[in-house]
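Q: Residue-level listing of the chains:
Number of protein chains: 2
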Amino acid sequence: MNTKRNRMPADARKTAILEAASQLLAERPWEEVTVSGLLDAAGISKGGFYHHFTSREDVLAAVVLRLADDSIAAGQETLSRVGEDPVARFSTFLTETARWELSHAGKILAIVRMAMMEGNAPLFIKLGEESQRRCSPIIRGLIEDGASKSFFNVVDLDLTTELVMNIGRMRWPTFLKAQDIADGGDQEEAWRAISDRVRVEEALTNRLLGLQDRTVRFPPLREYRPLIDQDQDPA
Amino acid sequence: MNTKRNRMPADARKTAILEAASQLLAERPWEEVTVSGLLDAAGISKGGFYHHFTSREDVLAAVVLRLADDSIAAGQETLSRVGEDPVARFSTFLTETARWELSHAGKILAIVRMAMMEGNAPLFIKLGEESQRRCSPIIRGLIEDGASKSFFNVVDLDLTTELVMNIGRMRWPTFLKAQDIADGGDQEEAWRAISDRVRVEEALTNRLLGLQDRTVRFPPLREYRPLIDQDQDPA
Numbered sequence: 002m003n004t005k006r007n008r009m010p011a012d013a014r015k016t017a018i019l020e021a022a023s024q025l026l027a028e029r030p031w032e033e034v035t036v037s038g039l040l041d042a043a044g045i046s047k048g049g050f051y052h053h054f055t056s057r058e059d060v061l062a063a064v065v066l067r068l069a070d071d072s073i074a075a076g077q078e079t080l081s082r083v084g085e086d087p088v089a090r091f092s093t094f095l096t097e098t099a100r101w102e103l104s105h106a107g108k109i110l111a112i113v114r115m116a117m118m119e120g121n122a123p124l125f126i127k128l129g130e131e132s133q134r135r136c137s138p139i140i141r142g143l144i145e146d147g148a149s150k151s152f153f154n155v156v157d158l159d160l161t162t163e164l165v166m167n168i169g170r171m172r173w174p175t176f177l178k179a180q181d182i183a184d185g186g187d188q189e190e191a192w193r194a195i196s197d198r199v200r201v202e203e204a205l206t207n208r209l210l211g212l213q214d215r216t217v218r219f220p221p222l223r224e225y226r227p228l229i230d231q232d233q234d235p236a
Numbered sequence: 002m003n004t005k006r007n008r009m010p011a012d013a014r015k016t017a018i019l020e021a022a023s024q025l026l027a028e029r030p031w032e033e034v035t036v037s038g039l040l041d042a043a044g045i046s047k048g049g050f051y052h053h054f055t056s057r058e059d060v061l062a063a064v065v066l067r068l069a070d071d072s073i074a075a076g077q078e079t080l081s082r083v084g085e086d087p088v089a090r091f092s093t094f095l096t097e098t099a100r101w102e103l104s105h106a107g108k109i110l111a112i113v114r115m116a117m118m119e120g121n122a123p124l125f126i127k128l129g130e131e132s133q134r135r136c137s138p139i140i141r142g143l144i145e146d147g148a149s150k151s152f153f154n155v156v157d158l159d160l161t162t163e164l165v166m167n168i169g170r171m172r173w174p175t176f177l178k179a180q181d182i183a184d185g186g187d188q189e190e191a192w193r194a195i196s197d198r199v200r201v202e203e204a205l206t207n208r209l210l211g212l213q214d215r216t217v218r219f220p221p222l223r224e225y226r227p228l229i230d231q232d233q234d235p236a
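Protein chains in written order, with this note's numbering: chain Y, 2 to 236; chain S, 2 to 236.
If you're looking for bench data, these hints aren't it; they were derived computationally from the structure.
One thing to keep in mind: the hints can contain errors.
Repeated chains share a single entry, so a pair holds when one copy, or any two copies, can fit it.
[As the list claims (entries may be wrong)] Cross-link-like lysine to aspartate or glutamate pairs, in silico, EDC-like; alpha carbons within 20 Å at most:
{"no.": "1", "residue 1": "LYS178", "residue 2": "GLU163"}
{"no.": "2", "residue 1": "LYS178", "residue 2": "ASP157"}
{"no.": "3", "residue 1": "LYS15", "residue 2": "ASP157"}
{"no.": "4", "residue 1": "LYS178", "residue 2": "ASP159"}
{"no.": "5", "residue 1": "LYS108", "residue 2": "GLU203"}
{"no.": "6", "residue 1": "LYS178", "residue 2": "GLU28"}
{"no.": "7", "residue 1": "LYS15", "residue 2": "ASP70"}
{"no.": "8", "residue 1": "LYS15", "residue 2": "ASP71"}
{"no.": "9", "residue 1": "LYS127", "residue 2": "ASP59"}
All chains, please: the whole structure from these sequences, using the hints.
A: What follows is the structure in structure tokens.
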């Protein structure tokens with residue numbers, strides 16, 4: 002018996018399991034990840050595992066929601082350092098969450114690939130809704146702020162929030178498709194798919210916000226380049 | 002043995018089951034509808050039923066998709082009688098599908114109520130996606146027509162189609178909520194919820210299409226009134 006395993010505090014144990022799962026997820030298909038593989042990677046006993054999770058699926062759900070929380074936290078953290086201009090604030094939030102996600106593209110693409118598999122949809126639809134529920138109050142707050150100060154001209158706060166989030170939601174399936182195109186050898190077509198998507202998202206978001214001259218911005222295009230470059234970091 | 006039951010041709014039998022299910026749905030909670038209740042209402046034998054359907058859930062799915070198909074057909078049928086003006090064509094399709102749905106509000110609200118119940122989401126999300134898949138090519142075609150003739154100014158055809166459908170998708174849950182408010186006695190608040198929703202949908206749809214002076218139109222507000230009026234037809 003490994004005494005070290007039992008000394009780990011409960012919170013650290015849970016974190017270790019999630020870190021290990023998140024790492025394994027970027028390395029191999031989730032179907033190949035077993036509970037005992039997770040235990041080995043995390044240095045956790047079986048009892049320690051079932052204290053926190055009921056199943057592999059339960060771990061996967063926690064990994065997905067942690068990614069959502071971390072991306073939101075990255076955006077919020079930067080918000081505390083920008084001024085009061087609503088256009089700048091919304092741009093910052095969109096840019097920093099997108100940037101955080103791009104720096105974790107390997108994990109996110111692995112999750113999106115799983116979500117697109119036959120039979121997995123119900124779980125991932127539920128997780129997508131839960132992620133949106135966590136992000137929605139922040140997006141809503143940023144839009145409300147801009148609208149109340151007459152920077153944004155929105156038709157309806159709730160429906161605009163929902164549509165802005167819907168625009169973002171389908172970004173990653175497009176990136177996954179682009180990566181498959183790049184893997185097939187057509188870098189140019191893959192890059193077109195990504196840059197078109199980013200341009201369209203930016204334009205539609207600005208249209209929903211009623212912005213014309215000044216616009217909210219996503220990260221500069223070059224930051225999306227690693228999604229299809231050979232030497233990309235699969236983190 | 003009822004010989005009349007066995008003489009019914011297969012297609013008519015299937016239609017009879019769907020008609021009966023659709024009728025029962027508007028009258029009582031679906032949990033109270035049994036296979037034998039369906040058989041009695043449709044005048045069908047047990048063998049006849051299982052020739053077409055595997056379960057009650059299977060019947061429910063067919064009822065939902067038939068409603069979607071019928072609503073689309075109502076819109077398309079009218080399209081064949083209007084001219085070539087893209088704004089008029091899109092208005093006609095939106096108006097006639099909405100009008101068809103309003104005249105079947107009892108059934109649709111019963112389905113939406115079921116869809117919102119804990120545990121039912123996976124089935125109804127799948128049915129919602131399937132309904133959207135059927136409607137999407139028509140909406141897309143109407144938008145493409147208007148954009149190619151420079152009546153509409155859209156950022157991106159596919160994403161605009163998706164967002165226009167997203168706007169419509171959440172209309173019925175709002176109507177259901179309004180009906181509950183009306184049942185609670187506050188007709189004024191219920192009517193405000195409905196009229197706000199319709200106004201917002203119209204404004205957002207026009208914004209996505211890049212329309213300003215001429216606008217696409219939904220049915221006139223008064224046609225939504227029966228949703229909350231006491232003497233409404235629950236068909």
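Q: With identical chains treated as interchangeable, where does the CA-CA distance between LYS15 and ASP70 reach 20 Å or less: within a copy, between copies, both, or neither?
A: Answer is within; shortest intra-copy Cα gap is 16 Å, inter-copy 49 Å.
Q: My question is about LYS127 and ASP59: at a cut-off of 20 Å on alpha-carbon distance, are they close within one copy, between copies, both, or neither?
A: within (13 Å within a copy, 22 Å between copies)
Q: At most 20 Å between CA atoms: does that hold for LYS108 and GLU203 within a copy, between copies, both, or neither?
A: neither (24 Å within a copy, 39 Å between copies)
Q: Using 20 Å as the alpha-carbon threshold, which applies to LYS178 and ASP159: within, between, both, or neither?
A: The answer is between: 16 Å across copies meets 20 Å, while 31 Å in one copy does not.
Q: Reference check for the pair LYS15 and ASP71, CA-CA at most 20 Å: within, between, both, or neither?
A: within (16 Å within a copy, 51 Å between copies)
Q: Have a look at LYS178 and GLU28 and pick one of within, between, both or neither, based on CA distance no larger than 20 Å.
A: Within one copy only: 19 Å inside a chain, 46 Å across chains, cut-off 20 Å.
Q: With identical chains, the pair LYS178 and ASP157 could be close in the same copy or across copies; at 20 Å between alpha carbons, which is it: within, between, both, or neither?
A: between (33 Å within a copy, 18 Å between copies)
Q: Classify it for me, LYS178 with GLU163: is the Cα-Cα distance of at most 20 Å met within a copy, between copies, both or neither?
A: between (24 Å within a copy, 18 Å between copies)
Q: Between LYS15 and ASP157, at a C-alpha cutoff of 20 Å, which is it: within one copy, between copies, both, or neither?
A: Neither way: LYS15 and ASP157 sit 41 Å apart in one copy and 44 Å across, limit 20 Å.
Going through the hint list in order, the structure does not satisfy hints 3, 5.
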